[in-house]
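Asker: Residue-level listing of the chains:
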Amino acid sequence: MAKYLFNNGKFKDLIIPAQFDSTKIFLSAEVTPENDMISIAGHSIIQCLKIEIADVIFTDHPLNHARKLYDRTLEVEVNASKIKTGEGEGNGSRVPVNCKLTIEAGDNLLEEFELNDKKSPSANSVFIFRIKFLQEQ
Amino acid sequence: MRVASIACILFFLFTLSLRAQEPQLKQLELTTSPAFVLLGVHPTNIQRPSTPRDFAASLQTAQVNGSIQPNFAVETNPFNWNKKAPQNKYSFIANDYFSDKLWPAIKKNFALSIATSATDTAKFGNLHKGTGLGYGVRVTLFPGTVNKRTRNDFKLWARAEMIELFANVLQRTISDEAHVFSYQDVTQAFDISVATLLAKKDIPDHMKPWLLNELTIYKGKIAAVQDKTELDTLLASEMDTLSKEKEQVLNKINTRKTPFARDGFILEFAYAGVTLMQGNAWDSSVYAKSGIWLTPSYRIDLGTDKDPATIQSLDILGVLRYIWNTSRVDEANYLDFGAKLQFNRNDWNVGFEGVFRHASEAPAGVDSRWTYTWVGNFSYTIKENITLRLSFGSQFDGTTRSYTRPNEILAIGGVNFGLLK
Numbered sequence: 001m002a003k004y005l006f007n008n009g010k011f012k013d014l015i016i017p018a019q020f021d022s023t024k025i026f027l028s029a030e031v032t033p034e035n036d037m038i039s040i041a042g043h044s045i046i047q048c049l050k051i052e053i054a055d056v057i058f059t060d061h062p063l064n065h066a067r068k069l070y071d072r073t074l075e076v077e078v079n080a081s082k083i084k085t086g087e088g089e090g091n092g093s094r095v096p097v098n099c100k101l102t103i104e105a106g107d108n109l110l111e112e113f114e115l116n117d118k119k120s121p122s123a124n125s126v127f128i129f130r131i132k133f134l135q136e137q
Numbered sequence: 138m139r140v141a142s143i144a145c146i147l148f149f150l151f152t153l154s155l156r157a158q159e160p161q162l163k164q165l166e167l168t169t170s171p172a173f174v175l176l177g178v179h180p181t182n183i184q185r186p187s188t189p190r191d192f193a194a195s196l197q198t199a200q201v202n203g204s205i206q207p208n209f210a211v212e213t214n215p216f217n218w219n220k221k222a223p224q225n226k227y228s229f230i231a232n233d234y235f236s237d238k239l240w241p242a243i244k245k246n247f248a249l250s251i252a253t254s255a256t257d258t259a260k261f262g263n264l265h266k267g268t269g270l271g272y273g274v275r276v277t278l279f280p281g282t283v284n285k286r287t288r289n290d291f292k293l294w295a296r297a298e299m300i301e302l303f304a305n306v307l308q309r310t311i312s313d314e315a316h317v318f319s320y321q322d323v324t325q326a327f328d329i330s331v332a333t334l335l336a337k338k339d340i341p342d343h344m345k346p347w348l349l350n351e352l353t354i355y356k357g358k359i360a361a362v363q364d365k366t367e368l369d370t371l372l373a374s375e376m377d378t379l380s381k382e383k384e385q386v387l388n389k390i391n392t393r394k395t396p397f398a399r400d401g402f403i404l405e406f407a408y409a410g411v412t413l414m415q416g417n418a419w420d421s422s423v424y425a426k427s428g429i430w431l432t433p434s435y436r437i438d439l440g441t442d443k444d445p446a447t448i449q450s451l452d453i454l455g456v457l458r459y460i461w462n463t464s465r466v467d468e469a470n471y472l473d474f475g476a477k478l479q480f481n482r483n484d485w486n487v488g489f490e491g492v493f494r495h496a497s498e499a500p501a502g503v504d505s506r507w508t509y510t511w512v513g514n515f516s517y518t519i520k521e522n523i524t525l526r527l528s529f530g531s532q533f534d535g536t537t538r539s540y541t542r543p544n545e546i547l548a549i550g551g552v553n554f555g556l557l558k
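So the protein sequences, as listed, match chains A and B. Residue numbers for the first sequence follow our numbering, beginning at 1 and rising by one. Residue numbers for the second sequence follow our numbering, beginning at 138 and rising by one.
No lab work stands behind these hints: they were computed from the structure. Watch out, some of these pointers could steer you wrong.
Straight-line Cα separation of at most 16 Å, EDC-like style, residue types lysine to aspartate or glutamate; simulated pairs [to be verified]: (1) Lys338/B x Glu34/A; (2) Lys365/B x Asp328/B; (3) Lys50/A x Glu351/B; (4) Lys226/B x Glu30/A; (5) Lys292/B x Glu351/B; (6) Lys226/B x Glu34/A.
Stretch by stretch, here's where chain A covers chain B in the computed footprint (C-beta under 8 Å, at least three residues) [what the hints assert, rightly or not]: (7) 378 to 385; (8) 457 to 470.
All values derive from a computational prediction rather than experimental measurement. Beta carbons are placed, not taken as given, at the ideal position from N, Cα and C, and that holds for glycine.
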């Protein structure tokens, strides 16, 4: 297993514009392989206020209203297993994957964070994003 | 002539597509297409059922009226059209691969086919020469099972994945220094893991009761540890072991060429009909024959993990078929039954089949109602979408009008071109 930490594991500040103060914040994560030879299995752990478990690929995971998240931290661990479902000679574990975490306020995109395992693709890659929500001053 | 023109156009399109590399080209043979089988242009009678593509077209040569002619077939599975949702298209949906249920198997292995060929006068009795239009449907009744090695490895992955999740959740719960550890933490982590297991789509439903049992056993193991530091160390060590286990079994699956290939017992039902356009004219079209058949097959996986690049298997196949002829083709209907043995290795396969045919009645002066065919065949995939086929054997004695003739020798070599989506 190879672990990949966004921002070298440090918390990345995410300033939420004041206009979204009463808007619900949503998370989406998607792991995309470089080719369709493999599919992604696994799980994600979202640690924000409490532990929540989601599919490895999830969309529109609700957190809370923005004002309730200020100064709180979020950690998303995406544990992606590569499973070769196509037909081919190569080792499917070596297919690089890209993990994208999207944070939205309602339907408005706030930020996208990306990690990939191109440096050393393996059968099971873990992507960790640490974010701190901040109120716009 | 019409068939030749179609063939030329298709060959041109095929070359164009090779240049553009779109659509994606992969190994393809529409050998099991019912429309082809009933036209009688395929040298072999028994083929192992294969999973139909969204859309596939095939151009292959066959012996018609003693000369080699191209034939064309298309096959499609309408259930696959627009199947993939744009979102989550890379997520592994386990039931799609492991399910042995009838309805998913039917949806996945349902195919409509159309084929054309110049008609062989020996096979179509008193009808005039022309173009035969075959149309058919095939459906898999028993889909077989994902091969044992992948099933076992996937089971190990699923166990490691769930126990790792349980350990991970528990470790996160107790990681806060201020947190006072209690058995309630174990129960909570267990409940979260069970709820996740039940909702997970990347683990097949039939595996979930066993995993629930495994989680319960693990919960019991954890419950015996009462010291927080000891538990933390244990969880870290377990997670490390489980992670290596996952890596190891995934590597085994991912190095195989076709990890989700199915083996064991597969049963396919097929129907096909043929309309013959005599003299290649629409207004001279006549319905000629139709048939239904069952193709049971059993595949034994002979591959090993020591050499994952080598794929080899042995197929034992059978066929039971009934063909209704119009009187202008033959007064008799046919009952066919036969068997085949085929060895497959990487890009080539070699097989031998024998099929007996019994006619429902015989015209005056014909002694026997029986005829037979035997064919040895060799097939080699030159390129992903180009297959070389060689067949040698004897064909059925045409219709009952010619049952007293010795069996016609069949020797045919050809190339099969395919396009698919």
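Asker: Quickly compare the C-alpha distance for Lys50/A and Glu351/B to 16 Å and report which way the hint goes.
Answerer: 25 Å, violated
Asker: Confirm or reject the coverage of the segment 378 to 385 of chain B by chain A under the rule of 3 or more residues with a beta carbon closer than 8 Å to the chain's beta carbons.
Answerer: Per the Cβ count (4), the hint holds.
Asker: Holds or violated: are the alpha carbons of Lys365/B and Asp328/B at most 16 Å from each other?
Answerer: The hint is violated at about 20 Å.
Asker: Are the Cα positions of Lys338/B and Glu34/A separated by 16 Å at most?
Answerer: 22 Å, violated
Asker: Need the status of pair Lys226/B, Glu34/A: alpha-carbon distance at most 16 Å?
Answerer: 13 Å, holds
Asker: With a C-beta cutoff of 8 Å, work out whether three or more residues of the segment 457 to 470 of chain B approach chain A closely enough for the coverage to hold.
Answerer: Contact hint for the segment 457 to 470 of chain B vs chain A: violated, 0 residues under 8 Å.
Asker: Is it true that the CA of Lys292/B sits at most 16 Å from the CA of Glu351/B?
Answerer: 11 Å, holds
Asker: Within a Cα-Cα threshold of 16 Å, do Lys226/B and Glu30/A meet the stated pairing?
Answerer: 10 Å, holds
In this structure, the hints that do not hold are numbers 1, 2, 3 and 8, in rising order.
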